[in-house]
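If you read the protein sequences in the order shown, they are chains A and B.
Take the first sequence: its position 78, counted from the start at 1, is 77 in numbering that gives the first Met the number 0, and no numbers get skipped.
Take the second sequence: its position 262, counted from the start at 1, is 261 in numbering that gives the first Met the number 0, and no numbers get skipped.
For the record, the hints were derived by calculation from the structure and aren't laboratory data.
There may be inaccurate statements among the hints.
[As the list claims (entries may be wrong)] What follows is a set of in silico ranges between Cβ atoms, one per label pair, in the way DEER data are often shown:
no., chain 1, residue 1, chain 2, residue 2, range
1, B, Trp199, A, Gln236, 35 to 41 angstroms
2, B, Arg144, A, Gly71, 38 to 44 angstroms
3, B, Val96, A, Ser58, 32 to 38 angstroms
4, A, Lys65, B, Arg211, 54 to 60 angstroms
5, B, Leu63, A, Tyr38, 32 to 38 angstroms
[To be verified] To spell it out: a stretch of chain A is covered by chain B in this simulated footprint if at least three of its residues, at any positions, have a beta carbon under 8 angstroms from a beta carbon of chain B; those stretches are:
no., region
6, 101-111
7, 122-134
8, 165-174
Using N, Cα and C, we set each Cβ at its ideal position, and we do this for glycine too.
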Amino acid sequence: MAGLDKEHRSHEMGMHTEQLAGRTQQVFFSPEEEENFTYPGAFEVDYNKRAELDVADMSAREVNLKIRDLMGEGHGSIVIKNPGAKHSLGVGILNRLNLRFEGSLGYFGCGLIDGPNVRVTGRVGWSFAENMMAGTVVVEKNAGSTFGAAIRGGDLVCRGDVGSRTGIDQKGGTIIVGGRTGAFSGFMMQRGRMVVLGDAGINLGDSMYDGTIYIGGEIAGLGVDAVDGEMTDLDVQWLTAKLKLYDMEAPRGVENMRKIVAGKQLWNYDNLEPTEKKLIL
Amino acid sequence: MCGIAGLIHRGKTANIGKEMTSMLQSLKHRGPDSTGFALYGDASKAGATDFVMRFKVAEQAEALHGFTIHKQMKERRTAVDERMSEMGARVVEEDMVTDYAFRYRFTFDGDLRRLVNFIEDLDGVEILSVGKALELVKDLGDATRVSDQYALGGFNGTHGIGHTRMATESDVDIRSAHPYWAYPFSDVSVVHNGQLTNYWNGRRALERRGHRFMSNCDSELIAVYLADRMDRGEELEQALERSINELDGVFTYLVATSDKLGMAKDTMAAKPMVLYESDDFVGLASEEVAIRAIFPHEIDTFDPYEGEVRVWQA
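Let's have the full structure, built from the sequences with the hints guiding it.
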C-alpha cells in the first residue's frame, strides 16, 4: 500500500469521486494561482497577534462584526469569552484565523466557514458548522443535531456525543465524533468520511450516495441502501493517522470499527440511457 | 416553531415563576404570539380536598372590545360561583388576576369531573386548570408581559413547564395557547413542539372513552392521552413510552404531574430539546440559551436521543 501514489491510494479507499472544495483546501500551491487561495478582500492576519472579546452583552451580529473588525486589524488569534449559547456566532469566516470560544454556542454556530481553525470549549447547538468548506473545528463537549450538515471540506470534530442527522447531506471533509451519534446520521451523504467512535442510532447512512462512515460502537440500524464495506489496511492507516491528530482513540481499536458505504442500489440517476431519460423527463 | 421549557427542583422549592419567566423570555424568538406557564406549588402541603382552579370568562381580545362584554364577564363569574356552591365546592380564596382571568382556591370532596364539566358548561367560561399543585396561566404576549400580568414573579414551587407559541394552524388566542391541562384530570399538563399526524384518530378514540376536548390542538390530545393512560393504572414513564409508539408524527413534549416532570421525543428526533441535569435540578428547553437564562455560568448539556423518555421526581 505504501508504494501507491496518491491517485491510486484514493481509488483504493473508494475516494476517487471526492473533490477538494473550498479555496483554502487547495493542496498544491502555485504562485500563479495565488488568488485561488484566498477570497477577494481576505485579511492579512498574524497568528501571533491575539485579541480577547467578552461577548456576554453583545448580540450575535455585533460579535460577528467585531470578529471581522479584529481580523481587519490583523489579529490572527481571537478568543471569545462568555458566548452564553448564543446562536449564529462565528459564521461566514472566509479567512485564516485561530478562533477560540470559551463556552457554549447555540444554533448555527460557525456555519459557512472556509479556512479558520476553531475550538469550542463547551457544547454546540443544532446545525453547527453547516456548509463548512475548509479548516479545522474542534468541539470539546457535546453537540446538537445536524452537526456538520452539508459540509464540503475540512475536519469537524466533536469529542462528546452528538444528536441526530449528523453529517446530513455531507459533501466532503471529515466528521469525527468521540461519543455517540443519533438517528439518521449520514442521511443522503454524498462524499467525505464520518468517524463515530461510539454507538450510532437508527437509519445510519440512509439513502447515502457515496462517502464512508466508520462506527466504533453498536449500530442500532442501517438505513436504506447503507451496507457494510470491507475495512482495508488503508482504512486502518487513515483512521489511525486521523484520530491521532486529535488525540482520540477507538475504544475497540480502529481495525475493529465497522465501515458503512452506499450500496448504490438507489444511486441510479445516471444509469438511464439518454432515450430513457427523455421518456421520463 | 414554538419553544418549550421545563424545570424541576428535586427535594426543595424555589421561585419557579421567576425562573420559568426567564427561560421563556429567552425563547421569545421561537414564538411571540402567546406564552403559557404550568407551575406546580408544593403538592405535599395540599390537603385531600384542597384544589386550585384557574379559569377565564373571556378571551383577552373580547375583553378589550365591545359594550356588553364586561357585563357578561360579571354574569359568567357569578354563574361559576353559583355552580361551585351548588356542587358543594367551598371557595376559600379568590383572586381576580385580570378582568377576565381568576384564581380560586377551594375545597371539594365530590366528583371532580362532574364539577369541572358543570362549570365548563357555562357559555364563555374556560377552566385553564384544576389541581392540588398545578396553576396554569396563559395569555397573549411574551413571557415577561404574561408573568407581570399574572404576578408570577414570586411563585414558589417545585417544578413547571412553559411554552412560547408561534401561531401556525390556529388563531392567536388563549384557547389555542399552551400549556394544555388534561381536562378534567387533576394536575396533568403538557407543552409540545411538533405535529401529530394521527390527531383525529387519537381524539376519536379518547372521545369514545368519554373524554372532552377544549380545543382542536394536537397538544391537548397528548395531555388527555397521558392522563387517560395514568387513569387506567399506568405509571407516567409507561405512558410516555407507549406514546412513542402510539402517537404518530414529529414531536418533543414535556409533561408534568403533581410531583413529576417527564419528557418524550419521537423516533425521528426532528424537534429539539436540550437537557441539563444536576443533583438537585433538571432543566430542559428547546434551546440551551433558555437554560443559560437561569445558569449564566458554563454548564454541561446534551440532547436526548430519538425515542427517549425520561421522568424526574420533585
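Taking the earlier hints as the rules, which of them does this structure contradict? Hints 1, 5 and 8 contradicted; others consistent.
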